[in-house]
Every structure is written in structure tokens, then in C-alpha cells.
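Trainee: If you read the protein sequences in the order shown, they are chains A and B. Residue numbers for the first sequence follow UniProt numbering, so the first one is 1 and each next one is one higher. Residue numbers for the second sequence follow UniProt numbering, so the first one is 1 and each next one is one higher.
Everything labelled a hint here was simulated from the structure, so no lab data went into it. There's no promise every hint is true.
Stated by the list, open to error - Below, simulated DSSO-like cross-link-like pairs (lysine-lysine); rule was C-alpha separation at most 27 Å, straight line: (1) A/K289 to B/K80; (2) A/K236 to B/K43; (3) A/K215 to B/K2; (4) B/K289 to B/K323; (5) B/K91 to A/K190; (6) B/K80 to A/K162; (7) A/K161 to B/K155; (8) B/K341 to A/K215; (9) B/K190 to A/K341; (10) A/K190 to B/K341; (11) B/K99 to A/K162; (12) B/K155 to A/K155; (13) A/K236 to B/K289; (14) A/K215 to A/K236; (15) A/K215 to B/K114; (16) A/K3 to A/K101; (17) B/K162 to A/K162; (18) A/K161 to B/K114; (19) A/K331 to A/K3; (20) A/K190 to B/K114; (21) B/K80 to A/K236; (22) B/K236 to A/K161; (23) B/K80 to B/K91; (24) A/K341 to B/K215; (25) B/K190 to A/K289; (26) A/K155 to B/K101; (27) A/K161 to B/K99; (28) B/K43 to A/K162; (29) B/K162 to A/K190; (30) B/K236 to A/K215; (31) A/K162 to B/K161; (32) B/K99 to A/K190; (33) B/K114 to B/K43; (34) B/K334 to A/K155; (35) B/K91 to A/K114; (36) B/K236 to A/K289.
Said to hold, decoys possible - Here chain B is said to cover these stretches of chain A; the calculated rule only asks that three of the stretch's residues, wherever they fall, bring their Cβ under 8 Å from a Cβ of chain B: (37) 147-158; (38) 220-228; (39) 281-289.
From the three backbone atoms N, C-alpha and C, an ideal C-beta is built for every residue, glycine too.
Protein chains: 2
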Amino acid sequence: MKKVKVAINGYGVIGKRVADAVALQDDMELAGVCDIITDWRIKIAVQREYPVFAFNDDFRKQMENAGIKVQGTLSDLIQKADIIVDCTPKKIAAKNIEKYKEANLKFIVQGGEKHETTGHSFSAENNYETALGRESTRVVSCNTTSIVRTLTALKNAGLLKKARGTLLRRATDPWESHLNGIMNTLVPEKEIPSHQGPDAQTVDPDLDVITAAVKVPETLSHLHYWNVQLTREAGKEEVLDAFRTSTRVALINYSDGLSANNAIKELMLALNRPYGDMYEVALWEDMLKVQGDELFYAYVVDNQAIVIPETIDAIRAMTEIEKDSENSIRKTNKSLGLRQKF
Amino acid sequence: MKKVKVAINGYGVIGKRVADAVALQDDMELAGVCDIITDWRIKIAVQREYPVFAFNDDFRKQMENAGIKVQGTLSDLIQKADIIVDCTPKKIAAKNIEKYKEANLKFIVQGGEKHETTGHSFSAENNYETALGRESTRVVSCNTTSIVRTLTALKNAGLLKKARGTLLRRATDPWESHLNGIMNTLVPEKEIPSHQGPDAQTVDPDLDVITAAVKVPETLSHLHYWNVQLTREAGKEEVLDAFRTSTRVALINYSDGLSANNAIKELMLALNRPYGDMYEVALWEDMLKVQGDELFYAYVVDNQAIVIPETIDAIRAMTEIEKDSENSIRKTNKSLGLRQKF
């Protein structure tokens with residue numbers, strides 16, 4: 001079978017993880033990673049023997065002066081690839097897109113870009129099929145991914161009427177907390193509803209979801225609290241069974257010592273996950289409460305990791321190397337070691 | 001007019017604030033404060049010329065050895081007072097209560113104690129009248145006080161059907177953050193619903209309220225997010241008018257630079273409030289959103305300060321020096337400088 005050649009533009013928080021995940025797939029080949037940096041971060045790519053490309057000739061010189069072996073520029077990488085995943089910082093991707101389009105190269109952007117950029121927003125368990133053969137898509141953000149995963153499970157079980165969520169957002173990514181962050185305060189988003197609710201509707205317009213969000217002084221992961229109006233009265237076990245239909249929602253228990261975000265992070269490190277990544281939504285089984293036709297629950301989202309399996313599936317859908325969503329999801333889950341229970 | 005003699009047992013986070021507030025009232029006299037500590041904290045009481053008492057003879061010796069002038073023990077203070085406010089740490093008050101009862105002394109406990117301890121839970125704008133002449137009451141906790149204040153306003157306007165809240169709780173009090181605290185994590189409460197919803201119902205059983213709570217790594221104040229099902233569709237101005245009927249809910253605006261808990265704290269310090277205390281619930285006017293018959297809003301609660309005016313009113317109700325709640329609330333608000341808008 002011919003392997004799909006995947007290029008990655010931007011070797012940052014998401015890009016480096018996508019590269020590692022692509023390298024694990026037996027139906028994909030990493031065509032190369034492109035960046036502008038010259039420090040330890042890109043040297044990791046060199047050590048992993050990933051082909052490294054520079055954004056343009058100027059950056060190529062800088063990178064070569066720093067002793068980094070460069071295979072070419074973004075233009076060269078574009079020629080070598082079947083698809084490119086743009087992992088550049090928010091708002092920068094929009095400029096790169098013109099280049100991809102000129103070269104008739106399929107591309108994926110991140111959740112930070114607007115839905116209109118591609119006209120399609122992706123979440124594997126919800127709408128894999130609609131991405132088949134597409135020229136472009138947008139893998140929605142970490143928070144939105146978690147919302148779509150969990151609510152899709154409730155929707156498929158016929159239980160979802162409407163969902164109202166409060167999102168506690170980590171202030172910044174761990175390795176960037178010396179650059180920006182917040183301390184000893186809470187910073188609410190200016191607007192209620194926050195953007196994540198409407199964003200989930202770009203994947204699935206049927207979801208009746210409203211969110212409010214607040215930045216909190218920690219770097220590990222997000223924490224969501226949900227209040228869901230069910231279509232009818234239901235039992236706790238029935239709701240848990242609905243969540244169990246998602247292969248990317250893992251049930252956890254407070255009584256098992258998983259009583260805080262840092263405990264969950266430590267478990268991921270103990271499981272030898274790269275960077276201690278958690279690809280799953282970790283949802284508290286014992287905390288979950290059903291009262292009549294109302295459902296309450298909380299879960300943790302690893303904002304650096306949750307979109308990685310989604311991105312791998314988006315590559316398969318767009319290139320049609322796998323037309324069945326379940327097959328792709330199973331393959332991705334196995335390669336990354338996802339679990340449905342911790 | 002004879003002044004009511006108020007004793008305070010426990011000169012900690014709440015006790016020292018109640019003492020200062022009592023000293024400001026023209027119808028009250030501070031009979032004394034009682035504690036067991038010998039360090040700078042109780043020396044502040046001495047400097048303010050508050051009569052200082054020791055919990056018992058042993059502590060009296062220790063305090064006198066530390067150079068603190070002690071007027072007697074708790075037993076002596078009990079004899080001098082018309083009412084005592086117990087501000088000792090959680091669970092300790094229960095043991096003190098026997099002494100108050102033996103002496104036929106009216107007493108107030110804090111929200112950390114159980115409702116059953118007194119059989120009455122107090123929040124001035126909701127149930128002042130039911131506390132008139134009582135032998136004891138419990139001033140509900142900071143979070144519960146904020147819930148009762150805001151929901152009472154909506155209830156009185158005929159707008160409240162049910163309220164669902166997510167509470168972000170400061171990890172510990174500012175001056176104790178070197179003793180205990182949390183860092184770079186989030187710690188959900190084990191149970192949903194959390195205790196604050198049922199606790200609000202000890203004041204007003206009519207409130208249909210469910211809460212979930214999580215500890216966050218900051219020390220300044222709590223932040224609540226609410227989703228309220230209204231009895232009918234309503235306009236934003238109508239909802240704001242309902243909140244304006246509470247003299248202890250102050251509207252704030254994000255657009256005015258009050259965009260985070262620390263900004264609000266700094267404003268309180270700039271207003272020369274003692275300790276930078278905020279007695280009001282600070283509710284974001286511009287963030288508040290009404291969608292059909294659903295209402296969304298967020299507010300900040302100063303957990304060290306919000307119960308102080310409530311305690312002053314509880315003293316007036318129980319001693320019947322003022323039988324009208326509005327008169328007491330107005331008097332308290334004026335003495336502490338409460339505002340309805342920042």
C-alpha cells in the first residue's frame with residue numbers, strides 16, 4: 001500500500017506531537033517538518049531524524065548557521081507531500097493557505113483558525129464521513145473537541161436536549177509558562193456565551209450548547225463542568241453507557257485517587273505517554289450525577305494532546321486511505337494507546 | 001439607647017473583621033474578643049484597644065507571658081455580653097455552644113457549622129424577620145450568602161425557576177497561603193451537587209438551586225458562574241433591575257477594567273476598604289446574558305468579607321434593637337460603605 005506523505009508546518013506544541021503520531025502510523029510517512037526556529041526545539045526534530053525544512057531562504061540560512069541540517073524550504077516540502085498539517089500560531093495559517101491552494105495540496109488547519117477558512121470543521125466520532133476526499137478541513141480546538149466528543153455520545157443515545165458548560169481554561173501551556181501566564185487570579189472571558197459553544201456547532205449544528213469560560217492560574221489541563229438537560233429521566237448507568245460508546249472518553253474515579261488535574265497528569269506520565277499526554281477526555285464516573293432529567297458531570301481535557309488523534313483521522317478521511325471512520329479511529333487509538341478507562 | 005454588648009470568640013479571619021464592624025455601630029459595644037493566640041494577630045486587638053480575653057486560664061498565662069494584657073477568660077466575657085459571635089475554626093464552635101447555652105447567652109455561629117446547631121440559618125435580605133428575638137442563628141458561609149442574595153433578588157422579581165451554578169473556590173485565605181494551598185492544579189469537590197446548593201435551602205427552602213464546586217490555585221476570592229432557568233422570557237434590563245433591588249449586589253463592568261479577581265481586589269484597596277474587603281457580590285453587568293428564558297452571569301465573592309454585614313444584621317435581629325430588616329441593612333451598609341455599583 002502506498003503511504004500518504006504528510007508534511008507539517010510549524011513544529012510547536014501541536015506540530016511536534018502530530019509529527020510523532022504520524023511517524024507511528026503504518027499508512028503514513030512524515031514528509032518533513034517546517035519551522036523558523038533555531039534552538040533546542042527544532043534540534044529535537046533533527047535527533048528524531050525527521051526531515052527539517054525552513055519557512056523560506058532567510059530562515060534556512062539562520063537554521064544552517066545554527067548547525068541544523070535543512071532539506072529545503074516550505075516550497076520544497078509542499079512538492080513532496082500529499083497533505084500538509086498547518087500547526088503555525090493562530091492567524092498565521094491564513095497566509096500559508098494560499099501557498100497550499102496554489103500547489104493543489106490538501107491541508108488541515110487548527111482550531112484557532114476560523115471555520116470559514118476551510119468550510120469544514122472536523123471531529124472524528126461525529127463527522128469523519130463528511131471529510132472524505134475534502135481538500136481542506138479544520139480540526140477544532142481542544143475544548144471544542146471535548147465538547148463534541150461527549151455531547152455526540154449523549155446525542156447518539158437520544159439523551160441530549162441541551163447542554164450548558166462552564167470551562168476552566170489553563171492559563172498557558174506548561175513549557176510557555178515563563179513567557180506568559182497568570183498568577184493568583186481568575187480571568188473570565190469577556191463574553192457569555194464564550195466561543196466554544198458556537199464552535200461545537202460548526203461540527204454539528206444540532207448540538208444545543210452554551211458555554212462560559214474563565215482562565216485559571218494553572219498550566220496542566222482544562223476542567224469542564226456540565227449541566228445537561230436530558231430528553232427524559234434517565235439512570236446513571238444509562239448515561240455512563242452512552243459515554244462508553246465514545247472510544248475517546250475515558251472514565252476515571254475520584255475514589256481511585258484521581259482527585260485533581262495534577263494527579264491525572266502524573267498518571268499519564270506513569271503510563272509512559274509521550275510528554276505525559278492524555279488524548280482522551282477524562283470524565284469522573286463517581287462524580288457524575290443524574291437528578292431526574294438533569295445530568296451533571298465534570299471532566300479534564302489535555303489541551304496539548306486531545307487533538308492529535310483527531311488530526312490523524314482527518315488525514316485518513318481527506319486522503320481516503322480509510323473510508324470507514326471506525327476503522328480509522330480504531331487504528332489511531334491503537335497506535336497512540338488510548339483507553340476507555342483509567 | 002442602651003447599646004448591645006457583643007462578644008467575639010475567635011479573633012481570626014472573620015472574628016477580627018466582625019470586631020472592627022461592631023466597633024463601627026452606634027447601637028453596639030464590643031464587650032471583648034477571646035482567643036488562644038499570643039502573636040502579632042492578637043496584639044492588633046490590643047492596639048485597637050479591644051478588651052482581650054483568653055479561652056481559659058492556661059491560655060491566659062501564655063498570653064500574659066507574651067505581654068498581652070488580658071481582661072479575663074471566656075467565662076468572664078460571657079458574663080459581660082448580651083450576645084456572642086463564635087468565629088472559632090470549623091467544628092470547634094459546637095463545644096463552645098454548651099457554655100453559651102448554660103449562661104443563657106444568645107449566640108451566632110458561622111457557616112462552617114451545621115444548620116442543626118441552631119435550627120436557623122441567616123441571610124439578611126432573605127429572612128431577617130425570622131431571626132427576631134431568637135436565641136441563636138447561623139450566618140451562612142460566603143458562597144451560600146452570595147447565592148441567597150442573588151437568587152432572592154431574582155425570586156422577588158418573580159423570575160427564578162431554577163438555578164445551576166459552578167463555583168470556583170479560592171484555595172485558601174491570603175494570609176494562610178504559606179500554611180496550606182494548592183499550586184498549578186484544580187481540585188474538584190468529590191460530590192456533585194456540592195453542599196452550597198442545599199445550604200442555600202436552609203435559608204430559603206423555595207430556592208431550586210444545584211451547585212458544583214472546584215478549588216482553584218488563587219487566594220483572592222471566589223468566582224461563580226450561573227445558568228438560571230427563568231419563569232419566562234425576560235429582557236436584560238429587567239434582570240439587572242432585579243439584581244439592583246439587592247443593596248448588597250454591586251454591578252461591575254468588564255469594560256471598566258474590572259476584568260479579573262485581582263483587578264477587583266485592587267479597586268477595594270483603592271477605596272480604602274479595611275484589608276481591601278468587599279462586602280458586596282460583584283456581578284458583571286456587561287457580561288450578563290439573557291437568551292430567551294435562560295440567564296447567564298458571573299460574579300466575584302470576597303470570602304473573608306461578605307458575611308460581615310450579615311453578622312451585624314443578625315446581631316440586631318436577635319437582640320431586637322431593630323425589628324425592621326431594611327432599617328438594619330441600611331444602617332449596616334452605611335457604616336461599612338457598601339455600594340450598589342463600582
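Trainee: Now tell me if each hint is right for this structure.
Mentor: Checked hints:
1. A/K289 to B/K80: 50 Å, violated
2. A/K236 to B/K43: Violated - the C-alpha atoms of B/K43 and A/K236 are around 55 Å apart, more than 27 Å.
3. A/K215 to B/K2: 51 Å, violated
4. B/K289 to B/K323: 37 Å, violated
5. B/K91 to A/K190: Measuring from Cα to Cα gives roughly 40 Å; hence the hint is violated.
6. B/K80 to A/K162: 59 Å, violated
7. A/K161 to B/K155: 26 Å, holds
8. B/K341 to A/K215: OK: B/K341 and A/K215 at ~25 Å, within 27 Å.
9. B/K190 to A/K341: OK: B/K190 and A/K341 at ~18 Å, within 27 Å.
10. A/K190 to B/K341: Distance of about 18 Å is within 27 Å: holds.
11. B/K99 to A/K162: It is violated: about 53 Å lies between the C-alpha atoms, which goes past 27 Å.
12. B/K155 to A/K155: Between B/K155 and A/K155 the Cα gap is close to 33 Å, so the pair fails against 27 Å, i.e. violated.
13. A/K236 to B/K289: The hint is violated at about 31 Å.
14. A/K215 to A/K236: Outside the cut-off at roughly 31 Å; violated.
15. A/K215 to B/K114: 33 Å, violated
16. A/K3 to A/K101: Given pair A/K3, A/K101 holds - Cα atoms ~22 Å apart, limit 27 Å.
17. B/K162 to A/K162: 15 Å, holds
18. A/K161 to B/K114: 37 Å, violated
19. A/K331 to A/K3: Given that 27 Å is the threshold and the Cα spacing comes to 15 Å, the pair holds.
20. A/K190 to B/K114: Not satisfied, since the Cα-Cα distance of roughly 37 Å exceeds 27 Å.
21. B/K80 to A/K236: At roughly 56 Å apart (the allowed maximum being 27 Å), A/K236 and B/K80 break the hint.
22. B/K236 to A/K161: 25 Å, holds
23. B/K80 to B/K91: 25 Å, holds
24. A/K341 to B/K215: 25 Å, holds
25. B/K190 to A/K289: 11 Å, holds
26. A/K155 to B/K101: Given that 27 Å is the threshold and the Cα spacing comes to 57 Å, the pair is violated.
27. A/K161 to B/K99: Violated - the C-alpha atoms of B/K99 and A/K161 are around 55 Å apart, more than 27 Å.
28. B/K43 to A/K162: 56 Å, violated
29. B/K162 to A/K190: The hint holds at about 25 Å.
30. B/K236 to A/K215: 25 Å, holds
31. A/K162 to B/K161: Holds - the C-alpha atoms of B/K161 and A/K162 are around 17 Å apart, at most 27 Å.
32. B/K99 to A/K190: 51 Å, violated
33. B/K114 to B/K43: 31 Å, violated
34. B/K334 to A/K155: At roughly 53 Å apart (the allowed maximum being 27 Å), A/K155 and B/K334 break the hint.
35. B/K91 to A/K114: Cα-Cα ~53 Å, so violated.
36. B/K236 to A/K289: 31 Å, violated
37. 147-158: violated (count 0)
38. 220-228: With 4 residues close enough to chain B, the hint holds.
39. 281-289: holds (count 5)
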